[in-house]
Structure formats: C-alpha cells, structure tokens
Amino acid sequence: MTLITPQPLDQEDEEMLVPNTEMLDRSLPVQGPVAFDGTPPVEAPQPMEVVSTAENQATEEPQASRFTWTIENFSRQTNKKLYSDVFVAGGHKWRVLIFPKGNNVDHLSMYLDVADSSTLPYGWSRYAQFSLAVVNQIHNMFTVKKDTQHQFHARESDWGFTSFMALSDLYDPSRGYLVNDTCIIEADVAVRKVIDYWSYDSKKETGYVGLKNQGATCYMNSLLQTLYHIPYFRKAVYHMPTTENDMPSGSIPLALQSLFYKLQYNETSVATKELTKSFGWDTYDSFMQHDVQELNRVLCEKLEDKMKGTVVEGTIQKLFEGHHMNYIECINVDFKSTRKESFYDLQLDVKGCRDVYASFDKYVEVERLEGDNKYHAEAHGLQVKSILVNDILPFIILGTGEVMFVSVQDAKKGVLFIDFPPVLQLQLKRFEYDFTRDTMVKINDRYEFPLELDLDRENGKYLSPDADKSVRNLYTLHSVLVHSGGVHGGHYYAFIRPTLSDQWFKFDDERVTKEDTKRALEEQYGGEEELPQTNPGYNNAPFKFTKYSNAYMLVYIRENDKDKIICDVDEKDIAEHLRIRLKKEQEEKENKRRYKAQAHLYTIIKVARDANLLEQIGKDIYFDLVDHDKVHSFRIQKQTPFNQFKEEVAREFGVPVQFQRFWIWAKRQNHTYRPNRPLTALEESQSVGQLREVSSKNHNAELKLFLEIEIGPDLHPIPPPDKSKDDILLFFKLYDPEKEELRYVGRFFVKSSGKPSEIILKLNERAGFGPDEEIELYEEIKFEPCVMCERLDKRASFRTSQIEDGDIICFQKLPKADDKYRYPDVPSFLEYVKNRQIVHFRSLDRPKEDDFCLELSKLHTYDDVVERVAQYLNLDDPSKIRLTPHNCYSQQPKPHPIKYRVAEHLLDMLVHYNQVSDILYYEVLDIPLPELQCLKTLKVAFHHANKEEPVIHNIRLPKQSTVGDVLNEIKSKVTLSHPDAELRLLEVFYHKIYKIFPLTEKIENINDQYWTLRAEEIPEEEKNLGPQDRLIHVYHFTKEAAQNQMQVQNFGEPFFLIIHENETLADVKVRIQKKLQVPDEEFSKWKFAFLSLGRPDYLQDSDVVSNRFQRRDVYGAWEQYLGLEHSDTTPKRSFTANQNRHTYEKPVKIYN
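Residues in the sequence shown are numbered consecutively from 1, following this note's numbering.
No lab work stands behind these hints: they were computed from the structure.
Distance condition first, Cα-Cα at most 20 Å in a straight line; then the derived PhoX-like pairs of lysine-lysine:
| hint | residue 1 | residue 2 |
| --- | --- | --- |
| 1 | K1002 | K936 |
| 2 | K1087 | K1069 |
| 3 | K995 | K1023 |
| 4 | K848 | K277 |
| 5 | K273 | K212 |
| 6 | K584 | K572 |
| 7 | K277 | K212 |
| 8 | K858 | K899 |
| 9 | K235 | K583 |
| 10 | K461 | K362 |
| 11 | K81 | K101 |
| 12 | K583 | K203 |
| 13 | K469 | K318 |
| 14 | K813 | K739 |
Since the structure is predicted, the reported quantities are computational estimates derived from the model, not experimental observations.
Using the sequences and the accompanying hints, generate a full structural model.
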C-alpha cells in the first residue's frame, strides 16, 4: 500500500516561464508562487534533489557539461531573441536562448532550450538540472548565477528565467557584466535519464526484475527480494525436495522455488499469488498490510520446519542464528547467573540513539539492581529442598537438612554476545507503543547506519568472555528495507547490493532501478530535512519537514563469510522437474502472448453438435441447449473460405462435407440463445471473416454454429433433408419426476401446420415409452429473470402456438393423482433448478473451514434455512441457530449477524453488493435468537471488598432493564461482605472513573465495548457523609518522559475516598494504606499530589487535603483527583491489546 503524501512546496520562481512569444501573447498564467503583496519573490538557487513521481523518476548520476557563450556587440543587438550555438550535454543537443531587452519585462530573460525538439520522436522527454550565469568580468564573485531543474518535453522544450537580472545592472559598464560591449554567458547542464513507468524495462536497465503487488504486499515483496539476493539462501530453497506432482499453490517450498526461478530467469515482473496461496492466504490477507519484521520471523520459522529431515536442514540457523548471554552478577558476593539465548534478528532502539553503534551500546548497557530491584541470590548450586520465609529473611532448607538464608544483593544485569551470525538482520524499532496516548507511533528520528559495521570495536565491548575472539565480526551492508509513511499505512521498498559491489539497486514492487550509495544510505537515515531558502535576502527561518521514509530493517553480511554467502547459483541447482515445469509455463505464456498479438487475424468458430447437447443437458446446464465454452473451437484465419473450413470440420469430426449443414445461433429478445436458420449457399461461399461480420456486429465476437448431422439406419451420416418454409427444427428434452432428471432426447423437423398430437408416437419412441403412453408437452420459453415454461396445446398447430426454428419442447409422462413427487412437472422442476443454491456453512469460531454443505433454494424463507441447519446439527430448536453473512471482498464474516426473520429469503442472506456468496456462518445459542435479541448482554467486573482480583460476569437482561436490575443480578451471583450491602455500577476508562450510573438508567444504551463496567460494594462510611465531607477520586500514576516532557501516566484500579474537613494528608495516608494493604517500606516511597488537568501539585503531610478540592465547576470530577505516585509493578499490556487496532496488529499467519 502506497501512502499518498503531500508534495513539497513548489520551488520554481515566478519568472521560471516557457518563453514562447505566441504563448505569452495569450496571457498564459505565470508559473510559480506569487508574494502576498503581488511582487515577484527574489530568485534563488533551486534545490538540486529530484522529486520522484509515480510516473517518472530521474536516475543515475547526471551527465554534466559546461558551455560558455561569448556575445560581442551586445548592446547593439537588434534581434528580440538570440540563440547560442548548439552544444551537447548528456548525449542531447541544447542551446541557450536569451532576450537581450527582456521578454516583455525590464530584465534580461534567459532560458535553456532543446535544440532539436522539432525533430524528436513523439513522446520524447528528458530531465535536466542546470544553471545559467552572466559572468562578472571584473569581480567573479559578483557573477549572477541561477539554478533550477526541469523535465523537458514537446510542450515545454525551453525553461529558465524570465527576469534573470535587471537590465539596468546588465547595461551599466561599471558593474562588470559588459566589458568592451561583450557579454559572457555560462550554462552548466546535468542530464538525468527519465524513467517512464509504463515503458521502463527493469531487466534491460538493471538485469533484475521486480515483484507484482497484490494490493498491499509491498512489505512482502521487499523481504522476498532481500532473501532472494542472499544466494546461499536461494540455493538452499532450490535444494528443498519437491516433486513434479506437487502444486505450487499447496506447497511453500515449490512456490518459493518457482518464485525464485522466475526472478532469476524472467524478463518481466513476477506474480506472488502462488506463494500467498501456499501460505493459505485469501484475497483479504493480500489487501491487509502486515509488519515485514513479523513476516520475516514467521516465514523463516516455517522454512526451518519444512527443511527438517532434508539435505538443507539447518540452513536458516547457519545463516541467521546468533547467540547472546543474559547475565546477573552480584556486586558484593561472588555469584553470577547466566542464560544463553539464540536470536535470528536483533531489535535495535532508534529512539534516543544516533546510530547503530549507539543502539548496540544501549543493548549491552549494564543495569544496576539496587533498592527495590535488588537481586535474590541463589543458593550457589546447592540442592534446595524448600524455601520458607520468616519475618526477617527468606531462608532455604537444603536437601541435607541444613538451613541457608538467602541474601538480597545489589547486582548488575546485562547482555553480551557469544557469537554473531554470517547474515546479521537488524530490525530497527521505528514503531513503538505510546502508553500516554495509548497508540502506536512511528519514530522518524535521524538514525545513521554504516556501510561497514565493526562489532569487534573497542576491544570487543559487545562480546562475552566466552566469545570466539578468532572470528572477525566485520560486516558489510547488503540491503536496506525502507518504510515510507506513518503508523497506519505506508509503502515498503528495498535498496540491495546483490553482489556487494558499489552499485545499489532499488526494488520497488515491479520496478527496479539503479541507485547511488547516498540514496541507499544517507537518504534513508530519517530525521528532518531543510528546504533551501527561496528568499535568502530576507532573514527567514529555514523550513524543515520530517522525512517519513526511513530505514526499517538492515541486513549485513560478515566479510569473512561473503564468498560463501554470495555464491553462484545456476540451473544445476534447480530440480529438473522444476526447470521443465517452469520452462513449460514460460512457453505457454509466450504462446498466449503470441496468440493475443495475432488475434485480429483469426476468427474463433465454436461448433456445437448433438453430442454436446446430449452430454451437457441435465448435467452442466438445464436451460437452453448448450454451453458454448464447452464445445469444440476452431481458430481459423479470417481470409479462409468457409468451404475450406468445412474440410477442416470433416477431418476433425469425420463427417464428409456433403453431409454437413450449419445453423447460425441467434440471441432472442427474451435472452435465450437458439439455432436460428441454416447458412445459405451464398454465405458458405464467403470467407470466414465475412461470415462472422454477418453474424455479429461485434468485431471481437466469435462465430457460433450448430452442425446438423443426420444419421441413417446404418449409423452413418446421410445428406440433411431439404428444408421448406413450412419445416421447423425443434429440440426435445425429457423430464422424469421420479428421478428428478432432465435429459436431451434429440431433434427433428415438424411442419408448422402440424399439431403436437401428431408427434406423440415419435416422442414416446424417443423416450422409451409404450406407444399409448399419455404425455404432457411444455414449451421452454425463457429463464431470465424468471422461469417461463408453459403447457403446449396438443390440438393447436405449431404455427398457432408460435413455435419456430430452434424452440425447445420438454415432455413427461402425464402426472397421476396419487404421485408424491417433490417436483411433479417440468415447470416446477425448472423453477427449482433456477433457484437451487449449494450453501457452504462454517462455524463462526472457525471462519476459514467449511463444516458442511446444504442444497437449498434461493426462495427459502429464513425459517426454512435455519430449520435445515438445525436438522443437520440434530438440534431440536431451530430458533437457537444464528446466521452471519459472508463478506465477498474480505472473505470474512460480516460484523453483524442476521437478525431473526429480517432476511426474507436465502438470496437476501447471500447477496453482498452486486455479488452472490455461497457461504454462511452459523453459531448455536444457549437461548432462542428472538429471545436473545430482546436482551442486552453486559460484561461487568465485580470488585469484592475483601479480594484483590475482580471477577468478570456476563449479565444478560431485557433491554428495558435498569442499572438496578443489573446490580440485583450481580448480587445473586456473588458473595457480599454482609447481606445488606449495596452495590453501584461505575464506568472506568484508562484507569479513571468517569461515571456512577444512576440505578434508574436503562441498560439498552450502555456501551461495554470500549469502557470497563465495574460493580462494587458501597462502603458504609460513604452512606453517612457529613456536610463538609467530600467524596474524591483517587488514581495511581507515574511520570514518563514523552516528546521531551514529563507526562502523567495513570495505571491500576481507581477508587473513591472520603476526605473530612481539616483532615491532613498524614491522616488520609493512614486510611489509604489500610485500604490498599501496602507494606510500610513500600508505602514510604509513595508520593501524593493533587492533580488537575494532568498537572501534579505535590502535597506535604501537614497539608489539609479538603482545601484542594473546593472547586465544583470543573468539567468532570475525574479532572481533579488525589494522585498516588509510585512505580507500576503490574505487567505492561502488549500494544496488540489496544482496542483501536491498527494495520500492523493483525498477526501474520502462514497456515500451510
């Protein structure tokens, strides 16, 4: 997903204008900003950095040239404009254009012009950074020089400065610009090649190809390119065992092998759909952006598991695994505890660190454990039997029966590295959880990383004593993964040095470009960038902006291992079956491309025969006669005579030309498609292309024909019968209500003047019935938008019944009164088939797995559907089934279930915008759905007066119930401190109490999704408040540094407290300590403050607390509170618990 960010302010000056006289006469708008007072701004050097756009991007080092133009007799020039001689820069022809007396202004006008613009091909463009100067021939320091850049094309073939310098200065001989009436002009031109996104060929320009973005898979593309360009890793993937019977969409190793092969040998960008399918991802996953660091770990773990038991087992560990040692060492006693751990990547702090070395310094920084954090030293390896605690010291009973006291010691804690891996992956912590704002934030601070990383620096300060000092930990940078954007979205791309040469490449989805070292390193440090001043004559503060594109992951390769890591990978490393498969795919792709390129020369002729109708009707189709996509196709050159095509048909079907008769299909007004008439002799004498144009006005249409073949008694073809105007070709289908089966039984001609009763005998014979069997006949008229199938009057003529060529007659035995069939006649059966729907039911708990399928009708009512589901689940009460519809775009359940009987029919449940799904999710409720919909469920945390941990209760009551009803329900579920205890319900949000609910408030509108509902007993002392007593809010808090200032962070459980008139803080503290049961030693470290709008005012023991809580006109009682400042010892919640999840918080899963 690419984040669209505002473009930087336009830096072009007002005078930078295409100097076309004709255009100027039309009063074209002036380009560039205008000062607020209407005066043009002072010109200044323009920024030399190229701003990339989606369509074009200038790349490579500019090819620079300098041109000097000496103009004699300058003041005597009479031409309005002058052109310099042509000069070449960057392989292109240029010239300088000046207006010696100004281009309708009192300034010298000067421009750079494309000299050969009139002869260049259509669509040409070129990008140049250039400067123009009028040389001061007396004092060079006063030379007037101006810089800019421009993309030149046919409509803007010149660019520069309309007001370059004042004519009064230029023509003043004392100023030094005209000496001996000679003017010297210099032009410095640097040409960059412009990439046209649509015509750019990555393979041709760089030797590499990109990866296609499926919607939001740029994060995956950048990681895959990085892994692919570690040849040792690529070789290991190629050597993972796969077979020719594996399918890439079901095998991660094969899909990755296929992807890497295509990256190595394809000429164009490569799709990743096979790989994501092998992950078990659906379309929704492809449009959900994830964290590249998380994907890296999950993918490597999955590959490590897939490599087990193969020749490449252990490759992931060999490449990426390092080890570090966590240690705690007592300062005053001889005791040290160590633990060895492995890592595949290292997460380095960005915040507060200027570069990678500073992050490593912080990583191994020693932490002192003192005071509350003292370390409990172990019993020095002795056999421990049990640990007891007395009032003074903890002590240990050893296995020998000996008692040993455990000392609480000052200690130091840290991490040192035992070894680093050959490929070192550094994940930069650009995203952090801000507890103050309860959200993720991106750290865009400047953070530098070197081209060479020396982790043996300062005598191996990062290494443990056990590290192998003979290994030289000098690394060279291989790739830089960049994130551009903010915390809620953005775009990923990668800068990679595939061979560790000086040449970098940028892999940005489908496009690969060459880049220089500065762009790959310095421009990805992040931080702020300062725009050059446009008006240096004024004392303006420089304009700075934050760079939102910065490095997110770095990959370094150890110098000593680079020859092994950057190894050769060729076709012999690729399994033969894979080479054959992929070469075949490539050939098929090339054939398709060639087929498409030549399509305008050919006509596709689709020929349907009786055999197709017999095969399809009653199986693949029920309405009309044939699916034309499943009949034989011929690809015939348009100029081929139709009679020659008939010979091709004879060879293919074994039917001689003289026995073939072709009918043209026609689409009728009722949207049916039937054989309409035979081709005439004149039509058959035409070319295939002419015939197709006759049959269809659509130039891309196929020619669809029905081949009529008559079979004689000896089962050999015979010539087709003559057809008069009175002859009608009819097609017949037979319906069996007992088997619920419809099948094709042939076709034959009838006379339009004849009657259906005359063909009964023939139809009985076709059906295998007795000659006297009574049958009913129906005409199949249409099936869109609804089925129309009407009984045919046997006594009326076919002409009277409006029967014509290509019509379909369905027939069946005459139904009997005692027949008990579901669909007793043709119309009811066709109605059933039209609305038949196979529905895949999935449990709402397992939304990716089909549980069972049911054949239903789109016309089934809500009750019909839940009844069928209940029958399948052996559930007595269908009303306990609740259904949830499917989102066709996200491939997930919709957020809201289907309400009881709100959806009239099954089709209403399946429709999602303009699509019809075949998936429904179900859940089995403990009470009937109609009853549940009348109830409100609240999640309430009950805080017992004598217990620390709250207990969560799900309270389900009628929506019209009150808070009082909720509290009564809770009373029936909990044990109170005494029978007459009263309860209250509070609204708590982020450790503050926002509301005490009135007992009479209706529960229907109470929201427990974002707020915590807390029930608690009302203390007896609060029931008897004196006239001067105050009930105040008391919250726990700590102070944290955020954005260079201290901010209050609340935590823990808030509570109410009564303060009495003239009660000092010392008195209040006694009651708080008793209420919270905090030990003296810990409580002595607590600080107490009055807080208003987040600002703490610390209190002394002698302060009268009630004096601080006099104001009653604040916005809410929670804005003023008594704060208890102490360290937060409760576990910090992971940011993924944040209720407002952002894009990265959905975990990456690879299912297969």
